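For the protein sequence lines, the chains are A and B, in the order given. Its first residue numbered 445, the first sequence is counted upward by one per residue in this note's numbering. Its first residue numbered 4, the second sequence is counted upward by one per residue in this note's numbering.
Be a bit skeptical, because a hint or two may be false.
Partner residues aside, some chain B positions facing chain A, computed with beta carbon under 8 Å [said to hold, decoys possible]:
#1 K48
#2 G49
#3 S51
#4 M52
#5 E199
#6 L200
#7 L241
It is worth saying that the hints were derived from the structure and are not from the lab. If you're wondering where the values come from, they're calculated on a predicted model, not measured in any experiment. No residue lacks a Cβ here, since even glycine has one placed at the ideal position from N, Cα and C.
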Amino acid sequence: MAFELFSPELQKLIKEKGFLEPTLPQKIGMPEILNGKDVLIIAPTGSGKTEVACLPLFDKIHKNKDKPISMLYINPLRSLSRDLLDRLVWWADKLDLDIAVRHGDVSQKERAIQREMPPHILITTPETLGAILTGKKMREHLKNVKYVVIDEIHELITSKRGIQLSLLLERLREVAGDFQRIGLSATVGSPQTVADFLGDKTKIIRAELEKKYDIRVENPKPKSKDRIIADDLAIGPETTARLRKLYELINSHKSVLVFTNTRETAEVLSSRLRQFDRELKQTVHHGSLSKEKRIKSEQEFKKELLKSLIATSSLELGIDIGSIDLVVQYLSPRQVTRLIQRTGRSGHRVGEVSKGIIISGEEDLFEASVIARRASKKELEEIKVHEKAMDVLAAQVVGLCIENYEISDEKIYRIIKRAYPYRDLEKKEIIKLLKFLSDLRLIYLNEGPAGLKARRRLRSWNYYFDNLSTIPDSRQYKVISVIENEPIGNLDEGFVAEHGSPGEKFVVSGRAWRIIQVDAQKVFVEPVEDIESAIPAWEGELIPVPFEIAQEIGRLRRSINNGKLEGFNVSSAAEEEMSQLIKKHSSSHIVPDDVHFLIENYKDFIILHSCSGSLVNDTLGRYIAALLSEKTGMAVNLKIDPYRIMIQSSAKASDVKEILVKDENIDETLKEAISRSSLFKYRFLQVARRFGIISRNVDYDRINLNKIVSQYENTPCYEETLREVFLDKMDLRNTKLILEKIRKGKIKVEIQEGLSILGELGLVHQFKEIMKPRMPEKEIFLTFKRRLLRTRVRLICVNCGDYSLVKAVREVEEQPECPKCTSRLIAAISKRNVDAVNIVKKKIKKKELTEEEMKKFLTIRRSADLVIVYGKKAVVTLAGHGIGPQTAAYVLAKMQPTKEKLFQDILHAEKEFARTKKYWK
Amino acid sequence: MLILVKWTVAWVFMMFITGYPALRINDYLIISDLHLGITRELYKKGVSMPSQLSKIIDSIHKIKKISGAKKLVLLGDTKHNIPSISYQELKEIPDFLSRLRFDSIILVKGNHDGNIENLIPASLRDKVKIKKSFVIGDYLLTHGHRNVKTEKNIVMGHNHPHIRFIDKLGARYIEPCWVIGKYKRKKIILVPTFNELCGASIVNSKGKFLGPVAKKISKRNAKVFLLDGTYLGYIKELMDDKHGV
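Here chain A stands alone, though its shape is the one from the complex (with noise of 0.2 Å):
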């Protein structure tokens, strides 16, 4: 027994909160703890991980009457610190130790506090670690941790402020000396990379292999009444089929939690759930909220006032949210860790099975099948690690000066290597780094006879603290259409910095637009009609599918077509919808599968059916868009999911297959198209702002990133940007394998004419669960013109200067006239131009007017003009959006033979004026 260990004060306490028998992982991993071993503890959330840490390590502080601080508790998630708080505090309080939370939020004075009386338990975040490390009175306290526990380490490896953790503590060996290091983790593919990296003697323990899950897919197919409600709803049938089966399925349950993979779809399926059902309680949850509004509803859920929230992957870890008995997943969850890791947000309790349905259907049932079918083979992706990211490197290095003031390359070198992320780091990478460093002149650096010597200087501190975190922080755009000049949405920076240049499409809220000009904040937009060429702007947002899983649904695709579903856990329905599909198909083209690669001419496009997932397939495409663009001379559109490459290009569909089978150098391709590309540049910007080469209050309106890119070619800045974006966006090691395959002819490549089934689902499937029908061109018309009628324009009789009225241009007669003196020298302006009455009354008392108060008043005078002749005509024209005089007298000396071709020709003057509106500035 677990419990028997622990020193009689303990064993007390426990029996006292009522724990009879210990969990799992409590039984195998206490013990273990007490002994003193570096423990990595993986099981399901749920199962009291927290405790297994540190009932152990508090009774050995407990007996051993440690000094503080004894133990550190790292949490990723700021927001669970008062949580955890809450939960360890009275086994802290019972056993007279001190506990405390200390992160950017905390009070100066709370933090005065714990300089002067340390806490024996300190929770803080890798962030925070960092800032206290630099602190002369806090590393003094440091010097006495002994333990140190990491929570959700699963979460920190995969990003960098893994790797910042990983050299934080080698930073806290120094200081401390050797620790006892747990991590606490969710059932991950590679428990021995995380055991790895949390040191070279760790022990793992796993007490998730006794977790069961319950997944199964459905394929709701749209009956006749789901027709109708499909046009009320104004989504597709397939997708009204979708919804009605999620309102049936929160309805039989007590609580349900439902994971989409976009914000977008969240807020559809919460709006549509809505018009389906006003009683019914469910509200979204997503990163796009505001702080206020997640928590709220997160307790409102907890406290079961809400039957349901449809959340994104802003609710797969962290806070407790009560009892959930299901967990719905909208639609394929791409990747297998992902399915388990929000499956098991139900089922929350010890022994409790957690039970998962994924709604799917058509194209996407083949993930989700491929996907469930791993799951319950517990089958999950490898981790991939940063390895030696040289711009957090860069932020501890100068740390390193802070503290010593004086450091010898050697000793840098020595404790940085023993970090796991760093430990293929050569000698020279760190002298590079430190060059670069003091380049930069963020440490002093001097040449003595026993090496180099890095010293801190002033800029270190402003450098290392603005760099503590390094998460990127990520502005938004607002998407304004030019048509009811209104916001219609928001953009990720990232999003507009790769695809944000006028002229290209791009998909959100359910309709495609294209960009006519891009500032500072807003991107101004058009609808077009063409959706096969446009992006959807939540792109950014999809976890990538991983070549495993694609490859798979390449041999499901097989199977199906030879008529043997072998090794295949699924429904009949889900079968015979697949093979449904996949007979279609093949009745015009071959299938492309894991062995067979499919090429399709369709209009300009050229779509490659690839089965080798996100990353391989980006990769690729653009390897061949670059090779195309360079043949072709001309630029080449290119657009990828986890089974396609679709190219836009004037090129033919058998240079793309030259290309597959031609032995080239696909690295250095590769890195000269990356480096030019906009994703590039994204790039660099975080990673220069992570060297502190761009301050992050910067105003970007005033930089020119080529430049700066330019000047940085060849140095650490550069090369680990190419590191980055090569690891989180490509995957050249498989790409090098499928174009190997397909040269040893073990993939065949086949080109066929015509769109085929998969091939059009490839142009617009993707779309189609936030698509509306179709907006006519009527209806935009429509909703411009209503626009124009409605604004407000101010009237001025330049006559007698006496009558000045604002109306709106519905309200305004065919011909107007002035009311006091009957003239009809009526001139039509802004009505925020207040002063414009003013300046012609001067005028008509013949008094002298300034040069400025002049050009006002000849534009008055202009616009009187034009209404005096066209009468109402020049008013609605005077009111568009940026019309001057001067163009509406272009615009109505067409003499338009109806009035809706005035509307066109002003609502294109109004496009024009944004396309050009930046050059007249």
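Given the coordinates of chain A, work out where chain B should sit on it, guided by the hints.
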């Protein structure tokens, strides 16, 4: 390598160095607007840049080799920060001057060059001459921030001329360029800046050129050349609103 050679009446040898913002007149190599301390100003704006010094010195020596010139004219704005001299300039400018391998250096004063006299190391007093303007044959070399009375052709800096191209989709590209304008049958040549980090003035947009000298140039009969020698035509034909929109 394409080289433009001009023989004028007074038998002056003059050539533009292809691919670089530099020209040679007789034995002199002429470059302009180095703005050596500009990284300090950029840093204050929030962007940290490596020092440009070594890069600039290397490329000057490269051009020296190509052109075969023995003497150097720095056509103003060699330093950047005004009114005070930054610490960086205090260190870099003497270093810069002493690392240049020329027989003599003429330092024409620009509007950013206040007190540059104090930055010339004693050992270089004989080699470096400071002038307001400088004459080679029928060319007068000056920075261009002050008016000059002359009957000669003028070579000047101060403007950082660049040309802007706008493509069909509205994407904009900016390239440094030479401007050769006319005033009273004499030429006025605007030399592009030598430092890539400097701001640009766009020649094919509305407004006049900078400074009392260049102001006299009419955009109607001023020619534009790219650094590689491409002749683009008269500025009036290249105005922003004439193409792309």
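Consistency of the hints with the structure:
1. With 8 Å as the threshold, the beta carbon of K48/B comes within range of chain A, its nearest partner Cβ sitting at about 6 Å, so the hint holds.
2. Taking 8 Å as the C-beta contact cut-off toward chain A, the hint placing G49/B at the interface holds, the least distance being around 3 Å.
3. The beta carbon of S51/B is positioned within 8 Å of a beta carbon in chain A (closest approach about 5 Å), and the interface hint is therefore held.
4. At a threshold of 8 Å, the smallest CB-CB gap from M52/B to chain A is about 6 Å, leaving the interface hint in force.
5. At a threshold of 8 Å, the smallest CB-CB gap from E199/B to chain A is about 6 Å, leaving the interface hint in force.
6. A hinted interface residue such as L200/B counts as satisfied when its beta carbon comes closer than 8 Å to some beta carbon of chain A; here the least separation is about 6 Å, so the hint holds.
7. Checking L241/B against chain A: minimum C-beta separation of about 14 Å lies over 8 Å; hint violated.
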